[in-house]
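Working from the sequences, and respecting the hints, build out all of it.
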Amino acid sequence: MDESIKRTMQRLVRRIPNQLLKPTLDKWGRLTAAQKQSLDFTQPKWALTERLLALCEENEWTAKHIIELEMIYVIDNPNQGMWYAFQLMDPEDDAASVELAQFKEQFKSHLRELVKHVSVKIKKHTDEAVWIRIAWGDGFTRPNHLKPTYVVHHLQTPYVFVSSLTSKQKPLLSQALVLSTRYNVIKDANLSGRKLTAIRDLLMRQYQQVFPTKFPSPLTEKNETVSNPCIEKEQSGAAANRLQMACEAFGDGELPQLQSAVYKLETKFKDPTNKTMTEQEEPFKCVIKFASTNLLESLKQCATSGIASTPVTPLLSSIPLKGRNYFVITDNGPGPTTQMHTSQK
Amino acid sequence: MEIRARSRKVQPHQRGRVKQLEAEAEELRLQRKRLKAENQTLETLKKLRTSMNKQCTDEEVMQMEEDSEDSQLLQLMARHTQLTDLLQAHHLIGGYDIIKTRQGKGVCVSVATNYEGVYLDTYNLEIDLKPKLRISRHNIPPFIPLNSLTEQCNLQSHFRVFLDTLSCHLNAFTGRKQQLKLVKEQQKSVEVMESNVLCSLLVLMLTVSKGKPLVLCTLEYADHTSCLPTRVHFECEDKQLPDSPEWKKNCSLLIKTPVHKALMTMKTMGHIV
Amino acid sequence: RSCLGLTPALTARRLSKSRKAPKSHYITVRQRQPLLMFFSHEKVNPEHLALLLKSEWKLSYVTPLYQFRHTQLKSYSRQLSAFIAAEKQQGFAVEVDGSQSNFRVSFSVVQGMTETEDDAETVLIQVRAGFLRPISEAQRSVWSGWLTCVNGNSDYLCSLPKDFICLPLFGSSGSEVLTTLVQSWFQKMFDCCFGPLEMNNTCLQWLAALWTNCHPESSIQHLKMIWTLPVVPPLQITYTVNPKDAWKLWSSVRKDPCEENKEEEGVSIDIEDVMRFMQGLKSHFYRHFRLDLSAGCLKQVSTALGSATFSGRVKISNSQYILSTLTLLTECALFKMPV
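Residue numbers (this note's numbering), protein chains in the order written: chain A, 1 to 345; chain B, 1001 to 1273; chain C, 2001 to 2339.
One or more of the hints may lead you astray.
Computed cross-link-like contacts, DSS-like style, restricted to lysine-lysine with a CA-CA straight-line distance of at most 25 Å [stated by the list, open to error]: (1) C:LYS2315 to C:LYS2058; (2) A:LYS264 to C:LYS2255; (3) A:LYS108 to A:LYS45; (4) A:LYS123 to B:LYS1177; (5) A:LYS22 to A:LYS45; (6) C:LYS2315 to A:LYS268; (7) A:LYS322 to B:LYS1100; (8) B:LYS1212 to B:LYS1239; (9) C:LYS2282 to A:LYS270.
Hints listed in this document are in silico derivations from the structure and should not be mistaken for laboratory results. These numbers come from a predicted model, not from an experiment.
The structure is reproduced here in structure tokens:
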């Protein structure tokens, strides 16, 4: 058996947690009933790996089969690794009518024109996402299946999500994507995170956003305390107001789980109590990073609890509003009433 | 008597049981009373509503008001249900909810969508009014070309036209999505081979009958403001089949009728399983 | 809990109860930090210095040691080795690369790590492990620790009974089990007790200011501070300031240093300066995010010169400023110590 296939299989089995190994193999469906029975999933991982490698030889599985298994695992467990969002811009007239078969063929042929040795596998997932796995090689080496790039795209949308892409591969992928989706430009969307589902939901607006509406919103009712004497009324009114504003800024229900947001601040230091600093011509440079297991939820709580003043500052509400978590902030020019704006990187 | 007395002694818990049942009966009686009262209220409300709808004379209303304090409340409740109904009608004929926000510096517009009389998703736009109209926040999915719509319709001068066009896109999209949902629910023998987020392309696998080759049916919705396809195409191993009169009829049926209904008809006609 | 006398009322209460030092003097000492205490490298064994700079230290406070003698270190080395061996035989899980290892303890004095006459000399303890007897010098160090007192409050030190030696700051690096063993040996031998030295907001803010103050002589590379805000899930905010800008802000909040120079020897830093510095950083942050950092807890401060965490882990990366850092930590330890 090819040594590289063996290594790929070994690595893959090592990556899949024990409890997921059986369902993933079942879904793959390459094992005979007898072979499946012969696998003892209570065994330690190394023993299982040995057994699977033996089966690999026995069944004469090729790289294609192993890739299939890997894609099943990755598609079912998309919240691993780091995902980066890219945005397609300036569509051609026919961009809205690109369909899967055409996209598949175009993407493969464009990428193969750019890279001599490349292995591309495209799979449509049930939620209408197109999954692309790319194993890169170059003029001299065969595709490296140990470090594949994964690309997820929903046709007819301007977003592409990518994981494990080197800077050398980026222009190649960008060109193939732009050509096959019938757009003209692709750019970094400045959004990244460990959870693909979160960055997708954020950009596709698939989470519960809250808008000011005419009718008493259920949000305020939720917040109402059972016994509500007159004295507390005003206070609880303020709390309800904060909650409403926090929800309008960050959303309600289960929020997309982002892990961090980074702001590079290059703005003037302004403090009425500090004349020396306020008179400085040059901006005050610092980097602020917010981190949490669920950043939007944490920020929302800051606003509801009063740690953050409401209305929420545009800098923070820009995360869900613009679907970004990396910002470079500069002053908008001279003058006393300078507005901070998020400059496009 | 003696026996009863004895049994009472022997099983004191029976007394407890009786008490429990009595309490239950009392509870039920109370509930009946409540329900009766509720029913009465609903009846009155109904009467009030009918009279309101008939543009009743003032006299009648006056008569009601005299009755009691309750009647005032009933009056208000009736008015409320009437307004709710009106609002629904307003949405169904394509009205928008617009409210002022930030002390009049902006507005929030809600565009409700519906398909075949069923309310579907509501989309919202927050719009800054000054210095010029600008959409500041919305929950419209990225595959609806919001930016090009604002340019095409000229948001600044033709706000209403913009909203109507947007509503058209959204209603068509949610309508197609709903059709797809209904196909999946109603037609177990039809397999959805492909669809996309915009629901502008649908590939279905149709079974003519057991043993016969399958038919691959492709529906293209190039007009994104419509719930009906612009092109229907059949593919089959039996090359003759798409050209048969029956399937030509099916083709025009699918072009003219929403897909879930067309499939239903095809099924009744016996063209598919 | 404040360890630097930020709130005079608390300090006074604490003082009147605990030490018989005059209040006013105590506060002065606490508020005036000797600024640049250059380390005379010739005085200290370079090996010892390298060891101090190499590791991150977990800090504890130690109450005064009864009948500790700097002349008895050889004997202490033997006794602690024996103590560890005995504990190991009793089943104490002292495992370092397998259970077969033997431990050898060595005590030594770090000459010159003092500031005043009253400071006791720093004691360094090293535990080496090996498989063979006799254990050679080259064998791997598995644990090290030290006890120090730099610029300890002289009134307090002088008020101690004769048989007590005060080395209030204890740093350790290596296996936790060995730390516990060493501590329990000290407790038995010198009738003292140990406790974790948490570094509160004030202490960490002091360090941030002290390090930033060194920037012109020795670049801090960055000033990084980490806050945690009490929301669910917890929000961590990392604030990294460009070194030049941190220095500019620091200079702007300092009282005119020339004036001070005339009055006393050396430059001093006032707690007010530190507070103004932090307030400046916080208000710049608030202006952008409308989020109040004071609602959170400062968890970590770091620059190229060193880092310190709330949980009491410290790394000092630059030998020049080791004494000023240790002075601050000695104060923290003295303050934290139960009386």
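| When the hints from earlier in the document are held up against this structure, which numbers fail? | 2, 3, 6
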